[in-house]
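Peer 1: One-letter residues, chain by chain:
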Amino acid sequence: MVSVGVDVGSISAKAVVMGVGGVLAADVMLTGYNSRGAGRQVYERVLAATDLRPEQVDRIVATGYGRNSIDFAHKAVTEITCHAAGAYYLDAAVRTIIDIGGQDSKVIALDAKGKVRDFAMNDKCAAGTGRFLEVMARALELDLDAFGDLSLAAERAAPISSMCTVFAESEVISLIAKGEERANIIAGIHAAIAARVAAMAKRVGLRPTVMMTGGVARNAGVVKALAAKLEIPLVVSEQAQVTGALGAAILAAGLG
Amino acid sequence: MGEDGRVLDPDREKRKIKADKRMREIMAEYYIEAKTPREQRGKPIAWITSGGPVEPLHVMDVIPVYPENYGAMIGASKMGVGLCETAEEMGYSRDLCSYARADIASATVNGGPIGGLPEPDMLICCNNICGTVLKWYEVQARYFNVPLFIFDTPITHTRFDDDMRRYVKRQSKEYIAFLERVCGKPFDQDRMKVVGELSLEGQALWQEILETTMHKPAPMTCFDAFFHLAMIVTLRGTQTAVDYYKMLLAEMRERVAQGIGMLAEEKYRLVWDNIPIWYRMRWLSEKFMARSACLVADTYTSGWTGWLPGADRNDFLGFMGESYARIFLNSGTDLMAENILRMVEKYHADGVVFHSNRSCKPYSLGQYDIQRIVQEKMGIPTLMIEADMVDERSFAESQIDTRIDAFIEMLG
Chain A
1 MVSVGVDVGS
11 ISAKAVVMGV
21 GGVLAADVML
31 TGYNSRGAGR
41 QVYERVLAAT
51 DLRPEQVDRI
61 VATGYGRNSI
71 DFAHKAVTEI
81 TCHAAGAYYL
91 DAAVRTIIDI
101 GGQDSKVIAL
111 DAKGKVRDFA
121 MNDKCAAGTG
131 RFLEVMARAL
141 ELDLDAFGDL
151 SLAAERAAPI
161 SSMCTVFAES
171 EVISLIAKGE
181 ERANIIAGIH
191 AAIAARVAAM
201 AKRVGLRPTV
211 MMTGGVARNA
221 GVVKALAAKL
231 EIPLVVSEQA
241 QVTGALGAAI
251 LAAGLG
Chain X
1 MGEDGRVLDP
11 DREKRKIKAD
21 KRMREIMAEY
31 YIEAKTPREQ
41 RGKPIAWITS
51 GGPVEPLHVM
61 DVIPVYPENY
71 GAMIGASKMG
81 VGLCETAEEM
91 GYSRDLCSYA
101 RADIASATVN
111 GGPIGGLPEP
121 DMLICCNNIC
131 GTVLKWYEVQ
141 ARYFNVPLFI
151 FDTPITHTRF
161 DDDMRRYVKR
171 QSKEYIAFLE
181 RVCGKPFDQD
191 RMKVVGELSL
201 EGQALWQEIL
211 ETTMHKPAPM
221 TCFDAFFHLA
231 MIVTLRGTQT
241 AVDYYKMLLA
251 EMRERVAQGI
261 GMLAEEKYRL
271 VWDNIPIWYR
281 MRWLSEKFMA
291 RSACLVADTY
301 TSGWTGWLPG
311 ADRNDFLGFM
321 GESYARIFLN
331 SGTDLMAENI
341 LRMVEKYHAD
351 GVVFHSNRSC
361 KPYSLGQYDI
371 QRIVQEKMGI
381 PTLMIEADMV
391 DERSFAESQI
401 DTRIDAFIEM
411 LG
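Quick mapping for you: the protein sequence lines, in order, are chains A and X.
My numbering puts the first residue of the first sequence at 1, with every later residue one more than the last.
My numbering puts the first residue of the second sequence at 1, with every later residue one more than the last.
In case anyone wonders, no lab produced these hints; they're calculated from the structure.
Heads up, some of the hints might be wrong.
Said to hold, decoys possible - Beta-carbon label-pair distances, calculated as ranges:
(1) X:Lys21 / A:Gly32: 46 to 56 Å
(2) A:Leu142 / X:Val109: 43 to 53 Å
(3) A:Gly32 / X:Ala250: 43 to 53 Å
(4) A:Arg138 / X:Ala28: 35 to 45 Å
(5) X:Glu286 / A:Asp51: 37 to 47 Å
(6) A:Asp71 / X:Glu286: 41 to 51 Å
(7) A:Glu134 / X:Glu119: 47 to 57 Å
Since the model is a prediction, treat every value here as computed from it, not as a measurement.
Even for Gly, the Cβ is constructed at its ideal location relative to N, Cα and C.
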């Protein structure tokens with residue numbers, strides 16, 4: 001059985017191939033304006049990384065915001081169910097998932113069998129999402145990948161209070177104008193995201209083990225700020241960004 | 001083929017509610033009478049809040065008109081955004097209820113479906129549904145320069161006591177005195193008995209109609225109830241409403257007898273909480289239907305069946321205040337949660353869908369707590385949809401689409 005999960009998110013498209021022995025390949029690329037094309041492309045790329053031909057793939061599940069535009073998939077499943085399946089596969093002790101993606105953040109509660117018990121998503125607003133970080137990186141003229149490490153060197157977190165991404169950006173610009181240290185501003189940005197996501201996580205209820213998934217989990221600064229705010233350690237897998245695609249591949253294998 | 005030449009799906013046609021047509025006719029007649037020029041119609045017009053004590057108006061031959069029902073029409077006609085923007089240009093905050101914004105705007109520009117509501121001769125405001133109506137009706141009273149009566153109903157947090165009972169009884173008297181003064185004629189107590197009886201009969205029939213969905217498959221969904229609700233809201237206390245609901249109830253019973261459900265396949269049964277998302281009724285209805293999820297009951301449409309059991313039917317005015325004060329929306333979170341728990345059991349529901357309605361604060365405020373109580377006590381999944389009843393700008397389709405899909409996956 002060879003199964004593939006394709007996760008087309010608002011910022012990046014991910015794909016995972018699974019065989020009998022586990023994960024055979026995984027890939028990530030930017031979604032761009034064409035989610036259908038990105039889904040097709042990331043699928044072709046991930047297959048190319050294996051020696052498999054398309055006809056050797058038994059089942060494909062699509063997930064993410066572009067899930068319904070992936071016409072070559074056998075089924076579309078939401079990223080909530082897929083993240084649950086992926087996280088549970090990575091660590092069966094996981095009972096809570098905090099997924100921060102490009103355009104939304106979610107908190108998912110799992111039961112002992114890995115089934116979704118409850119979930120909450122951010123309001124229709126980019127605050128507390130990957131997009132928020134992208135906007136801030138642009139304001140600070142920094143590469144997003146440098147954000148995490150830079151913030152770890154901060155002496156303190158500069159206060160950022162606005163709930164709105166655009167207004168928070170103005171706050172960042174005025175902090176720059178006041179000569180605030182860049183590291184402190186970044187730490188403040190991370191604290192702002194952590195505060196928003198923590199409120200949602202507490203509403204759903206935090207049961208250990210708590211795993212963080214989604215692209216933003218690669219940012220050590222956000223992970224640190226969130227763990228501090230929640231007063232609970234967070235598990236971050238190497239596969240954090242592809243957890244949704246991994247879950248989709250697992251569910252695809254289950255389709256038989 | 002349908003009237004517009006489209007090919008109709010025979011299965012869907014079979015499931016359509018036949019009384020719909022009569023309902024549309026009655027509502028059209030109601031609005032035509034209200035929109036007839038004052039000289040020809042003779043009767044004065046009162047604007048009244050949706051949960052307001054309307055029966056004395058019928059006794060006094062006053063035509064009641066409901067800005068909230070009109071707000072629902074504005075929403076369903078997708079005219080909400082334009083009118084809300086007009087209100088915002090006038091200086092009203094976007095955080096203000098979209099029914100209030102739409103009504104205030106439509107009054108000044110005569111916009112909206114049917115070209116705006118007929119001008120009122122008086123305003124009747126009962127705050128059993130929210131606090132916003134106080135200022136909203138004060139604004140309209142100033143704008144139209146007409147008398148305003150405010151019927152103040154204390155919130156029942158957990159219990160309704162004798163002081164509250166006296167307080168609302170006293171106001172019923174003041175209300176009658178207000179109507180006698182404004183209409184310039186005495187109040188007819190004998191007619192009150194007739195109108196009161198019709199109101200109670202209409203409410204009982206509406207409750208029976210709603211309860212037909214206890215049957216599997218449910219003969220209708222809450223989306224149908226949202227439509228047929230207009231009658232109990234606008235024509236409560238009239239023979240028209242009683243006759244119509246008798247006809248609708250007979251049709252529902254016939255559907256139950258024949259096993260005709262609104263859905264071809266009813267896999268999941270759900271309860272809806274809060275006011276409908278009027279501009280997305282079809283989208284939501286089809287979305288749930290496509291996943292074999294039937295919304296069998298809701299907290300909203302049963303809000304007009306709250307007449308106290310055991311109340312003396314001959315003393316309508318004696319119990320009117322208490323009955324209106326003790327409606328679902330005017331109670332505390334504990335009572336609201338109990339109501340939903342009862343509905344889940346009664347209708348054998350598999351989950352609850354909450355509409356967190358940006359406009360309606362009293363309806364939405366306790367929802368997170370109620371959601372938790374439902375999960376803990378019933379162990380069933382719940383879904384929270386963030387939107388607004390009229391203002392489409394607060395509806396994010398892809399987010400809501402994902403939430404509904406994930407919720408159905410949880411049920412499955």
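Peer 1: With reference to the structure, classify each hint as holding or not holding.
Peer 2: So, going through the hints one by one against the coordinates:
no. : hint                            : in the structure
1   : X:Lys21 / A:Gly32: 46 to 56 Å   : 50 Å, holds
2   : A:Leu142 / X:Val109: 43 to 53 Å : 49 Å, holds
3   : A:Gly32 / X:Ala250: 43 to 53 Å  : 58 Å, violated
4   : A:Arg138 / X:Ala28: 35 to 45 Å  : 55 Å, violated
5   : X:Glu286 / A:Asp51: 37 to 47 Å  : 44 Å, holds
6   : A:Asp71 / X:Glu286: 41 to 51 Å  : 21 Å, violated
7   : A:Glu134 / X:Glu119: 47 to 57 Å : 53 Å, holds
The earlier numbered hints that this structure contradicts are 3, 4 and 6.
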